[in-house]
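Chains A and B, in that order, give the protein sequences. Going left to right, the first sequence walks through residues 1 to 585 as the numbering used here numbers them. Going left to right, the second sequence walks through residues 1 to 81 as the numbering used here numbers them.
Quick caveat, the hints were computed from the structure, so don't treat them as lab data. You can take every hint at face value.
Pairs of lysine-lysine, DSSO-like flavour, derived with a Cα cap of 27 Å:
id: 1; chain 1: A; residue 1: Lys-500; chain 2: B; residue 2: Lys-16
id: 2; chain 1: A; residue 1: Lys-554; chain 2: A; residue 2: Lys-516
id: 3; chain 1: A; residue 1: Lys-471; chain 2: A; residue 2: Lys-559
id: 4; chain 1: A; residue 1: Lys-516; chain 2: B; residue 2: Lys-16
id: 5; chain 1: A; residue 1: Lys-516; chain 2: B; residue 2: Lys-15
id: 6; chain 1: A; residue 1: Lys-471; chain 2: B; residue 2: Lys-16
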Amino acid sequence: MEYPPITKDPAAMRVQPNLLDYRDVCGHFSWHTVRNQLAGLPEGGLNIAHEAVDRHAEGSLRSRVAIRWLGRDGRTIDLTYGLLRERSNRFAHLLGKLGMTKGERVFWLAGRDPALYPVFFGTLKNRNIFCPLFAAFGPEPIFQRLERGNARVLVTSERQYTRKVAALHSRLPELCTVLLVDRDDDLDARVLSLPRLMATAAKEFVIPPTDPEDMAILHFTSGTTGMPKGAVHVHGAVLTHLLTGRYVLDLHPEDVFWCTADPGWVTGTSYGIIAPLLLGVTSIVDEADFEPERWFRILAEQRVSVWYTAPTAIRMLMRTPETLRSRYDLSALRLVHSVGEPLNPEAVLWGQRVLGLPIHDNWWQTETGGIMIANYAAVDIRPGSMGLPLPGIEAAIVSRNEDGTVRVEGDGVEGELALRRGWPSMFRSYLHEEERYRKCFAGDWYLSGDLARRDGDGYYWFIGRADDIIKTAGHMVGPFEVESTLMEHPAVAEAGVIGKPEATIGELVKAFVVLKPGWEPGDALRQELIGFGRGRLGSAVAPKEIEFSDNLPKTRSGKIMRRLLKARELGLPTGDTSTLEGSES
Amino acid sequence: MTEEELKAIIVAELKKVAPESDPSGLGADEDLREALDIDSFSFLRVLVGVSEHTGVDIPEADYGKVTTLAAMIGYLAVRQG
Numbered sequence: 001m002e003y004p005p006i007t008k009d010p011a012a013m014r015v016q017p018n019l020l021d022y023r024d025v026c027g028h029f030s031w032h033t034v035r036n037q038l039a040g041l042p043e044g045g046l047n048i049a050h051e052a053v054d055r056h057a058e059g060s061l062r063s064r065v066a067i068r069w070l071g072r073d074g075r076t077i078d079l080t081y082g083l084l085r086e087r088s089n090r091f092a093h094l095l096g097k098l099g100m101t102k103g104e105r106v107f108w109l110a111g112r113d114p115a116l117y118p119v120f121f122g123t124l125k126n127r128n129i130f131c132p133l134f135a136a137f138g139p140e141p142i143f144q145r146l147e148r149g150n151a152r153v154l155v156t157s158e159r160q161y162t163r164k165v166a167a168l169h170s171r172l173p174e175l176c177t178v179l180l181v182d183r184d185d186d187l188d189a190r191v192l193s194l195p196r197l198m199a200t201a202a203k204e205f206v207i208p209p210t211d212p213e214d215m216a217i218l219h220f221t222s223g224t225t226g227m228p229k230g231a232v233h234v235h236g237a238v239l240t241h242l243l244t245g246r247y248v249l250d251l252h253p254e255d256v257f258w259c260t261a262d263p264g265w266v267t268g269t270s271y272g273i274i275a276p277l278l279l280g281v282t283s284i285v286d287e288a289d290f291e292p293e294r295w296f297r298i299l300a301e302q303r304v305s306v307w308y309t310a311p312t313a314i315r316m317l318m319r320t321p322e323t324l325r326s327r328y329d330l331s332a333l334r335l336v337h338s339v340g341e342p343l344n345p346e347a348v349l350w351g352q353r354v355l356g357l358p359i360h361d362n363w364w365q366t367e368t369g370g371i372m373i374a375n376y377a378a379v380d381i382r383p384g385s386m387g388l389p390l391p392g393i394e395a396a397i398v399s400r401n402e403d404g405t406v407r408v409e410g411d412g413v414e415g416e417l418a419l420r421r422g423w424p425s426m427f428r429s430y431l432h433e434e435e436r437y438r439k440c441f442a443g444d445w446y447l448s449g450d451l452a453r454r455d456g457d458g459y460y461w462f463i464g465r466a467d468d469i470i471k472t473a474g475h476m477v478g479p480f481e482v483e484s485t486l487m488e489h490p491a492v493a494e495a496g497v498i499g500k501p502e503a504t505i506g507e508l509v510k511a512f513v514v515l516k517p518g519w520e521p522g523d524a525l526r527q528e529l530i531g532f533g534r535g536r537l538g539s540a541v542a543p544k545e546i547e548f549s550d551n552l553p554k555t556r557s558g559k560i561m562r563r564l565l566k567a568r569e570l571g572l573p574t575g576d577t578s579t580l581e582g583s584e585s
Numbered sequence: 001m002t003e004e005e006l007k008a009i010i011v012a013e014l015k016k017v018a019p020e021s022d023p024s025g026l027g028a029d030e031d032l033r034e035a036l037d038i039d040s041f042s043f044l045r046v047l048v049g050v051s052e053h054t055g056v057d058i059p060e061a062d063y064g065k066v067t068t069l070a071a072m073i074g075y076l077a078v079r080q081g
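Given the sequences, and given the hints that come with them, work out the whole structure.
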């Protein structure tokens, strides 16, 4: 069904959008102008922590609340720009005392804890690399990432440490120090109390000269074939964060902004931490997990004006009666954004009907570092479309040629969504994996792996993934990682893992399992395998469904044809593999 | 149903989505999702299962009222027919 466009009337808006004339701004755009809006370090160079925190703390925003943290138990902690500067200085000092030198990695595994913000910015100030891990990862994904990312320091909670990391510690010789956010005394010589060390660290710190090309953040993302890849981002990415904070999120100085993404994922750092603080606004952080009533209450009580959330959450809110929303005063709210997976048109319209505001979908990836294609406050929305490229970003639909080059397609043609390389927040490498990085590009184009088409007016429409990567509740899951873990169970001979379409979370992780001789399929074994997967991989990655199978479809070279498994799951005719081309590649 | 019976139903449903866990050993006031590593989607499945076995409807708007064993037992106890 075609949905009519949602038209906009900026003149009637109570806050004038920063981006009023999209075409005009695109026509005159230069990244150089964006760079000039940043302060730069007094000693030279560019450091995200200086732009997002120190610059404000040294000026009129010193007492403004940067982070308002809402505890699960009802507590509220306010971190002003001044306080955030002081505490991040302390953490930077602490890293120096621990012997951390430029470029070494600091990992975070403590969910949405208030210590995150000083740790994040302190890490950047000391020119170390920050790498967040999702708290719902199990020991195996945690180990893979700590090892591949050469973690030197891990900041975590006592619970996470004892449950998941303690048993891995001896396999991680590079991990020198573990800092616990919730202990007042040390556990042993290597596992120390963060609050104790913070209290004695000096509160002044001068950020050393930082090159815009210096590494700042490492984000692991799942691959189709191998283990997760560490996408490297640099301090210069801050130009994209500033631009998208202004043009897409449309942040104004008086805004209260709430990004619901977890810091374990790239949205949670680029937009949960960096972008709102760059623009000097107050950013809300909720420690608790999703709960419809709690979320409406936060929107109302905190007077949130700009909200950035995800399709899974929106679809769960859509299941609540519309009377629930009417109990809350959402009059402060003026703009709603969504990212993580394509937002269905019904959800865009639900926003308009129930929140009184249409929901603005946008598109980007871990590798792009920031929003690349978006719907904007002052631009008409076509429900179901991810919108128009950010000013300064050249997008295209391309098809791959046999010789490895690509050809650019015209409007209306389905193909792979590509971006012309060179934007400031483009990932600079996959850590230690130059070959995998190289494969992401063809000439001047970054190939996203997402299939899309562009209509005659320049709007992009998502079609699907070009590979087997699973997108569940907005998170990428690599089937290979899940299959490898399942194969470690003594009963499992083979495993093939797919994303099974599901209305609320997009896809759920489903495994097809072939048992070794002597094992009988049944409910007990199915439950055991689900538990086994959760124990190793954690709830965010582990399969939620297991189906026993006598065999898995394979290529002649023995590779599992996941697309055929998926076709079987969807009830498509599996005898005809003509629509499954590429599965043998 | 007695509180013990309600608890047994809840524990069985939790065990379905988190088979590796021991929900019966949970503290009455521990956050279920946090303690057992259960995401929003799986928690929804738990609540659907609990509703089916107790006959008590738990609308999504009430999720905040059933975050612990004690809270969920209390919620069900006052609403069962």
